[in-house]
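Following the hints, put chain R in place on chain H, whose structure we already have.
2 protein chains.
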Amino acid sequence: MVETNSAEGVTRTLASYVLEAKFEAIPADIKAKAITAMVNWIGCAVGGSGHETLDVAWAALGPFAGAPQASILGRDIKTDILTAAFLNGTTSHVDDFDDTHLKTAIHPSGPVLGAILALAEHRLVTGPDFLHAMILGIETECRIGNAIHPEHYDVGWHITGTAGVFGSAAAVGRLLGLSVQEMCFAFGIAATQASGLRDVFGTMCKPFHVGHAAKNGLSAALLAKSGFTSSEGIIEAPRGFANVLSTKQDFAKITEGLGDSFELATNSYKPFPCGVVIHPVLDGCLQLKNVHDFKSEEIKSVELKVHRLVLELTGNKEPTTDLEARFSIFHSAAVALERGRAGIAEYTNETVNDPDVVALRSRVRASIEPGIEQDQIDITITLEDGRVLNTFIEHAIGSKDNPMSDSDIDTKTKVQCAPILGDAGVEHMIATCRDTLNLASAAAIAESATP
Amino acid sequence: MVETNSAEGVTRTLASYVLEAKFEAIPADIKAKAITAMVNWIGCAVGGSGHETLDVAWAALGPFAGAPQASILGRDIKTDILTAAFLNGTTSHVDDFDDTHLKTAIHPSGPVLGAILALAEHRLVTGPDFLHAMILGIETECRIGNAIHPEHYDVGWHITGTAGVFGSAAAVGRLLGLSVQEMCFAFGIAATQASGLRDVFGTMCKPFHVGHAAKNGLSAALLAKSGFTSSEGIIEAPRGFANVLSTKQDFAKITEGLGDSFELATNSYKPFPCGVVIHPVLDGCLQLKNVHDFKSEEIKSVELKVHRLVLELTGNKEPTTDLEARFSIFHSAAVALERGRAGIAEYTNETVNDPDVVALRSRVRASIEPGIEQDQIDITITLEDGRVLNTFIEHAIGSKDNPMSDSDIDTKTKVQCAPILGDAGVEHMIATCRDTLNLASAAAIAESATP
Numbered sequence: 001m002v003e004t005n006s007a008e009g010v011t012r013t014l015a016s017y018v019l020e021a022k023f024e025a026i027p028a029d030i031k032a033k034a035i036t037a038m039v040n041w042i043g044c045a046v047g048g049s050g051h052e053t054l055d056v057a058w059a060a061l062g063p064f065a066g067a068p069q070a071s072i073l074g075r076d077i078k079t080d081i082l083t084a085a086f087l088n089g090t091t092s093h094v095d096d097f098d099d100t101h102l103k104t105a106i107h108p109s110g111p112v113l114g115a116i117l118a119l120a121e122h123r124l125v126t127g128p129d130f131l132h133a134m135i136l137g138i139e140t141e142c143r144i145g146n147a148i149h150p151e152h153y154d155v156g157w158h159i160t161g162t163a164g165v166f167g168s169a170a171a172v173g174r175l176l177g178l179s180v181q182e183m184c185f186a187f188g189i190a191a192t193q194a195s196g197l198r199d200v201f202g203t204m205c206k207p208f209h210v211g212h213a214a215k216n217g218l219s220a221a222l223l224a225k226s227g228f229t230s231s232e233g234i235i236e237a238p239r240g241f242a243n244v245l246s247t248k249q250d251f252a253k254i255t256e257g258l259g260d261s262f263e264l265a266t267n268s269y270k271p272f273p274c275g276v277v278i279h280p281v282l283d284g285c286l287q288l289k290n291v292h293d294f295k296s297e298e299i300k301s302v303e304l305k306v307h308r309l310v311l312e313l314t315g316n317k318e319p320t321t322d323l324e325a326r327f328s329i330f331h332s333a334a335v336a337l338e339r340g341r342a343g344i345a346e347y348t349n350e351t352v353n354d355p356d357v358v359a360l361r362s363r364v365r366a367s368i369e370p371g372i373e374q375d376q377i378d379i380t381i382t383l384e385d386g387r388v389l390n391t392f393i394e395h396a397i398g399s400k401d402n403p404m405s406d407s408d409i410d411t412k413t414k415v416q417c418a419p420i421l422g423d424a425g426v427e428h429m430i431a432t433c434r435d436t437l438n439l440a441s442a443a444a445i446a447e448s449a450t451p
Numbered sequence: 001m002v003e004t005n006s007a008e009g010v011t012r013t014l015a016s017y018v019l020e021a022k023f024e025a026i027p028a029d030i031k032a033k034a035i036t037a038m039v040n041w042i043g044c045a046v047g048g049s050g051h052e053t054l055d056v057a058w059a060a061l062g063p064f065a066g067a068p069q070a071s072i073l074g075r076d077i078k079t080d081i082l083t084a085a086f087l088n089g090t091t092s093h094v095d096d097f098d099d100t101h102l103k104t105a106i107h108p109s110g111p112v113l114g115a116i117l118a119l120a121e122h123r124l125v126t127g128p129d130f131l132h133a134m135i136l137g138i139e140t141e142c143r144i145g146n147a148i149h150p151e152h153y154d155v156g157w158h159i160t161g162t163a164g165v166f167g168s169a170a171a172v173g174r175l176l177g178l179s180v181q182e183m184c185f186a187f188g189i190a191a192t193q194a195s196g197l198r199d200v201f202g203t204m205c206k207p208f209h210v211g212h213a214a215k216n217g218l219s220a221a222l223l224a225k226s227g228f229t230s231s232e233g234i235i236e237a238p239r240g241f242a243n244v245l246s247t248k249q250d251f252a253k254i255t256e257g258l259g260d261s262f263e264l265a266t267n268s269y270k271p272f273p274c275g276v277v278i279h280p281v282l283d284g285c286l287q288l289k290n291v292h293d294f295k296s297e298e299i300k301s302v303e304l305k306v307h308r309l310v311l312e313l314t315g316n317k318e319p320t321t322d323l324e325a326r327f328s329i330f331h332s333a334a335v336a337l338e339r340g341r342a343g344i345a346e347y348t349n350e351t352v353n354d355p356d357v358v359a360l361r362s363r364v365r366a367s368i369e370p371g372i373e374q375d376q377i378d379i380t381i382t383l384e385d386g387r388v389l390n391t392f393i394e395h396a397i398g399s400k401d402n403p404m405s406d407s408d409i410d411t412k413t414k415v416q417c418a419p420i421l422g423d424a425g426v427e428h429m430i431a432t433c434r435d436t437l438n439l440a441s442a443a444a445i446a447e448s449a450t451p
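Chains as they are written, first to last, in our numbering: chain H, 1 to 451; chain R, 1 to 451.
Chain H on its own, in the form it takes in the complex (with noise of 0.2 Å):
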């Protein structure tokens, strides 16, 4: 027999919190916070619509998509709402530039952006309204994450994918006025279409759990409402979402303080685009560069002495693709310490492949060291000439206790979108999302996010 942890009316609970909350019940603060979640994540979105995995999805799946409801950010095409959410959901997540729930490693606002986004052009919902719909989807897929993190990412799930699709169907439950029990519905719906598995990091395969989760939880919600039954209570029920996919499950981060905290307050933004383990050693890397005068021909070797989970995410020694680049610890120190620079053209499929980086690359090595943490980095760089070069990174840049402020998000979001929008049109989609309070129609947003 298997054993299972189970507890009375969780589901119901979330489901009634969503429907039931009201938006003058949300802290200022917070409302800000999912305006810059919504600014850093539409500039990911637009920023990678360039990117050849936009392409060959719409290549594939084009023929077969539906009326043009809704925009395919960043381009000039618009097709039905569910394969919006599906493309710009992965395309938010194709430069791993989004934003972070660091206690999970949650990318909270694809998910649940990427559904409503498209929904909001098909159907009238309000600014307020969609920046609410927001927060509560952000708020239910970050605690469902907490019930079962890490155990749940340490098997090998993403949980991006495996509770984004409870974030998604979250958010639409609500902008359907859906009833608690069709809340529940579109949970088990949602919940039994989760998946995503770690294995196909560095490959298209990690944005696509995004918008299958964005897609997924959006197609929940419509088909509770249409009247689609699914179990009442498919979070805690003993063959249910948390006790199959998790060998942890802590039902009351799920249910305690609804209402009174809220996960956004947590939520973090990267200024490089990969993974967010990858981080410090980026931070020090250019730190180091900046402060010494160095080229990278002189450098003899490179130590890293990382946390466990660095190795396990980013140990891929000899990347060939942007994507794999994306979870290497190695190019990313190699690139960072000959570029002096960290940025999307760091990641390209021919800087990975520069054989000046590549040479380089072959000289980092990483070690795990017990006591350091995921956002800190001991580095050492023994340079030709004998001198030895080290740097402790504390806190990241990026990272909880060092975190982005918004006129640096802003600036990554013109850095990101100006190339496909110019750059009044970058202004403009700014302003948009920060004036989302006022707008009438949150449609007014993904148009202020195509050329």
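Mixed in with the good hints, there may be bad ones.
Copies of the same chain look alike in the list, so a pair counts if it fits in one copy or across any two.
[Unchecked claim] Straight line, CA to CA, 25 Å or less: simulated SDA-like cross-link-like pairs of lysine to any residue:
(1) K317 <-> E8
(2) K22 <-> A32
(3) K248 <-> V155
(4) K414 <-> N290
(5) K317 <-> E232
(6) K248 <-> D154
(7) K317 <-> G233
(8) K317 <-> P238
(9) K317 <-> R12
(10) K78 <-> G227
(11) K317 <-> A7
(12) K248 <-> G156
(13) K78 <-> W58
(14) K317 <-> Q181
(15) K317 <-> G9
(16) K22 <-> S441
(17) K253 <-> V155
(18) K31 <-> Y17
(19) K300 <-> E318
(20) K103 <-> H428
Treat the hints as calculated values from the structure; they're not laboratory data.
Just chain R, lined up with the frame of chain H:
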């Protein structure tokens, strides 16, 4: 650290086999069994098309569907191939009347035929190629199921959803002529969508899993053909499918004897529209009712001794809907003894709430008896006049050792489909399936299954 079980090259070996297998090498009896499975499955899809599940799903998702490329079986509607695969897969399992791979409880035809029937209406597929793809798809999903069953099922996965998506991807990948690497990627894209929780049994989400697997395997192969990347060893990787979704990984079950043995050889067909573990009680109760002359009000008590899985899966004592009744051994015993039949009419919303059936149901008790197998049951009926009737079912009708004949299946199919296709229509549909090897285009099969 998570312990994992790995094996080199399983995914690639399976992919190569699916792509390189020769139709001439398939034994004639396996081809015949595939055609039998096709007749049975299409009968279930057409028969299930009258269920409200289809109306609800189409109302929810139809507004976002694409061009009319493929048929909704049993209806006079066409839609895009992905939506058709989803809807036909779903309706085929709504009556829980489709085929069963008894070793794993996979319903093998649905994910595969749901996908390739739709594809064959959009792109020319000859009858022999169609049948071959079907056989290879079923082989793929059942072998993957064998590698992880029963641990995977016991923990709460609906294996038809999780393994089924590989079957769909394999069959479509074969028809699209993928390269070996593309087929590995297609398996990766499929696996990272593998889902389906047993907690939703008894609701519309159970048949949903079949449609979901059909559609997602189809889209996985289409994406891979277009250049979408994934991992190359998703089945065996440490954080791939078998290690993340199961505590058992018997990889040899996937690769050993490929091309020599075929899982279709042990496929089985249901005489009753409900969970397969309920079949022994129906078989036994109908035999007792036929042999002895008693009315249901004369029954004092009914005692059932069953395998543990029977109560785990079908222990619902007070079902209120048709979908719940299909997973209630109590309803099943009562309705069989009350009506002397156990067909579609005995599993409707009306019948499950019939006061006579409900009254008798309350006098049915069931207990787990060690030594009783899943296809067995011990039934004791005590009558008010003191008579005690007992029977032991050694192998229920429809089980491996007591299979339905092709003629039985034709009769079953006619009963299911005549109300929708008319008598001549069903005859034509069955004849078209049986003529698959001579069809220039397998589109004729789907066309024969519409009014």
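Exercise for the section: Would you list, in rising numerical order, the hints stated earlier that this structure does not obey? Expected result: Violated: hint 20 alone.
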